[in-house]
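Colleague: Below are the chains, spelled out letter by letter.
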Amino acid sequence: MILAFRLLVLLLLAFVLMPALVAIIAAFEARAIIAFPPQGFSWRWFERALNYEDFRTGFAHSVFVAAIASTLSVIIGSMAAYAMDRYQFRGKATLEALLLAPLAIPHFTIGLGALILAAQLGQSRGWPVVILAHVVLVLPFVLRSLYVSLKNIDPRLEQAALSLGARPGRVIWTVTLPALAPGLAGGWLFAAILSFNEFTASLFVTSQRTQTLPVAMYNYVREYADPSMAAISALYILLTTIVLVIANRFLGLGRILGTEDGRN
Amino acid sequence: MRRPFLFWFISPAALVAAGFLLAMAAVLQYAFLAFIPGELQPGGFTLQNFREMMKPLYAGVFFDTVKLCFLTAVLALLAGYPLALALVRARNPYVKSAILIISVTPLFLGEVIRTYAWIIVLGNRGFVNGSLMALGLIDAPIPLLFTRLGVVVALVHVTLPVVVIMLAAAIAHIDRDLERAAAALGARPLRVFWTVTLPLSMPGIIAGLTTGFAWTFSAFATPQLIGGGRVNMVSNLVYSLGFASFNFPFAAALSVAGLVLTAVALAGFRLLLRPLHKVGLT
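Protein chains in written order, with the numbering used here: chain X, 1 to 264; chain Y, 1 to 282.
Bound-form chain Y, shown alone (with noise of 0.2 Å):
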């Protein structure tokens, strides 16, 4: 076929994709420079950068997000599948578009809105505490603003609606003859679902486990406010290295670093549900 437009059509696409590739550029080159306190201009090439992240201070951040992260993944994913299955077998129309766009609706309030909510939730005078307090099952409040548990919780929810979606994609092309076919079979409800529609659906729960985790790594306002300081996430040091010491080169090592990260945590995941895959006869 002849290709008119071609040139004119993915132009204005190439330009945005090429200024993407020169701000990422621009991270991986500053983080190779030396930083000068004092001075918004980085100086020339050191590896410091990367030495300094070994500190435990640093290290211990990166470690502590890697596992919020995973663990957060995993109680979304846990709390996302018997949505995305309600959301794509549901049959009455209505009931399906109250549960998608319950669903969903957080993504669209954004981190700040859901974070905020999040703290009236959990404070101490807040809406658990203070229901707790009023029905009497407790005398005084319960911490949870500040704590890890809390900004796991908050993490769930935040990740929730991408892991809801990923997952009722894959669901929603699963071929119901086969679930049929098992029924008519003899397999009872729960079966079916055991051997059919679980695994039929892995590729949804790793899409699902992969976004889950880099969605919450990306996570910044939940973390910085609901861990007030005592939950730190790589995003947060960033912010506070480049905004409040003007250290943007080590912010953009941390930065390349947590990208590194994210990529072999995300290759280590397709690797490690691949067997997985294989059992469950996919």
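So that you can see chain X by itself, here it is in the shape it has in the complex (with noise of 0.2 Å):
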């Protein structure tokens, strides 16, 4: 029963991997077609991909929306997940769950209201409106994030702290913020990435002049049929492969994630 299970679980984790996979033979496809299996084998559908000047400027937007956006949620997040976790006070119940609330909206409901809002404020599809719909978006998981962290930082520490005669600020600087930093950076990371991915909301809210990869590689797909998306999803996975392995590594992909407690 132990040996059909595992193999339940590879076949599984096989259907998780086989689409990137299928996707990355894809780009070294000789000819000009997606065809199974590939004839010849050729590297100039990466060249093409990263000469293809929507990919390039899209990568910039996205690079641009993305350290910005997660900088500001991380910021936010966590100065509002310590606040509700340390503080009581009026209206955090709602305060949190307007925060929570955009993981259970549709992204497209989001990406159409931030629109109309923007178009209602003259600022139709700048940048601001871009970069705050994706805070909207990643705050979630930062705060969820955040707030294991803190769960995690002994309260008695900054006790003592404040019992020796340190003033709150100074506590907060010099003991919980360094306390807190794995969670910041895993937070930062989290929201960084997740921004990065960001299509839906990123559709209705961009325009030709601020498109981001993702908006960029979608138009892409529906435009041409040769394999430069192909070559350009296969550099996709590699980097997020490396980066969740580095991340996995250095600070706890399962910890981030909420999959571990510790006690197994």
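Hints may contain errors.
Unchecked claim - Away from chain Y, derived, C-beta distances all over 12 Å, residues of chain X:
| no. | residue |
| --- | --- |
| 1 | P38 |
| 2 | F46 |
| 3 | R48 |
| 4 | A67 |
| 5 | G77 |
| 6 | L157 |
| 7 | G165 |
| 8 | T174 |
To be verified - Only part of the chain Y face toward chain X is listed, based on derived beta-carbon distances under 10 Å:
| no. | residue |
| --- | --- |
| 9 | A26 |
| 10 | F127 |
| 11 | L167 |
| 12 | F220 |
Just so you know, the hints here were simulated from the structure itself, not pulled from any lab data. Since the structure is predicted, the reported quantities are computational estimates derived from the model, not experimental observations. A virtual CB, placed ideally from N, CA and C, is assigned to each residue, including glycine.
Put the two chains together into one complex, using the hints given.
Modeller: This is how it looks when you write it as structure tokens:
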């Protein structure tokens, strides 16, 4: 039975991996079509993907948006998570519900709302709207991973510092913040990856001038059928896997995602 | 305890929350405004958008979406459970890491790349048909792309990582002494799983099912590209109404209805699963 279970798990893992592997293999096709089994071997689709203008600007835009949105959400999220974890205040439950709500609301609804709101404010499809939409979307994940980190900090450490005469600001700066550092790094990375990948809401709020990489890729798939998209996917998969392996090595992916509780 | 910095700490988050709330209010407001063809500015108050939605064309898409989401959530749960169990119970840290990374990688690839990869897998000259034809098992390609089956398979793949995370979090919290006690009392592994592990993981099952449903409801690129116009979900309808016909009020009304529908479906899940939860003696 154990063997049958292991076989089942292997099959499921193969199902999860298969599309990515197939895309990587297809990227080396020599012809201008996607077909299996591929014929010939060529790097030219990688060359085309790397030189394709929309992918280049899309990549730069995505890096820009992800960097700002994840930094903002970690700053905003850590302050809010700290206040909500340590203080009681009026409206706390409402604030928390509002910040976590985007998890349960379809991204197309959030994208549509951001678009209408921006149009009403005369700010249609500029960078602030794109970045704000991303902050709203990644903040729940940042909060979730920061709560876990905050729970793991012994409150007695802060109390000890307070009783030794440190002022609250100094306690946060010298005790809480250093202890929270791995959680902040994990939350930042998590937010950056999610923002980099965000697609549906971005499709609503970006224009040709502000389109991010996932939007550029979506438009490419709709227009062309050559393996360039497979090539950019292969690069993307490689990059993501490296980042995940590093994140797992240094920060513990299981801890960031909350799939471990340390007792096992 | 005194609350130094409370105001400064929550103000930025409150601003973000307010922005989100305003965006949702804008959708709600637009849902009740009249669409004037050829005009980007909507007209006055009307209920016409919601009346329009009762038409079989739109009601059908809603019905279809709910069916697809439910089917996908259940299949993702069935596929995700063994993965989550293996992830939590793996003793070898390398095996554990490998299962975790493989299970969540799709989440970090985004919907576009995953959907594109499935196009290569399912296409007429794609991986499945190409392999079957090379093996001589079929003579002509089986249509997989632009079919419901193709959409469901790709949606399960998209939804699986979240379900695995939800389930793993719940399974990780099960007290293993309970399983050990059952085993010590003579229960065989399958019985231990069936009478102890599975019932105790019910919160994760509920969370996985509801999140899977909501997550699938949110899918856009997968039904759009794999469905190729033949399988439409609410998300596709909202987008095409907005950007092909600029009928933003109707798109907003569909979004509102979609939200209400998801909320009702999620509440329904919880109610339906509550008796099960009780039978599970948790």
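Colleague: Check each numbered hint from earlier against the structure, then list the numbers of those it violates in ascending order.
Modeller: Hints 1 and 5 not satisfied by this model.
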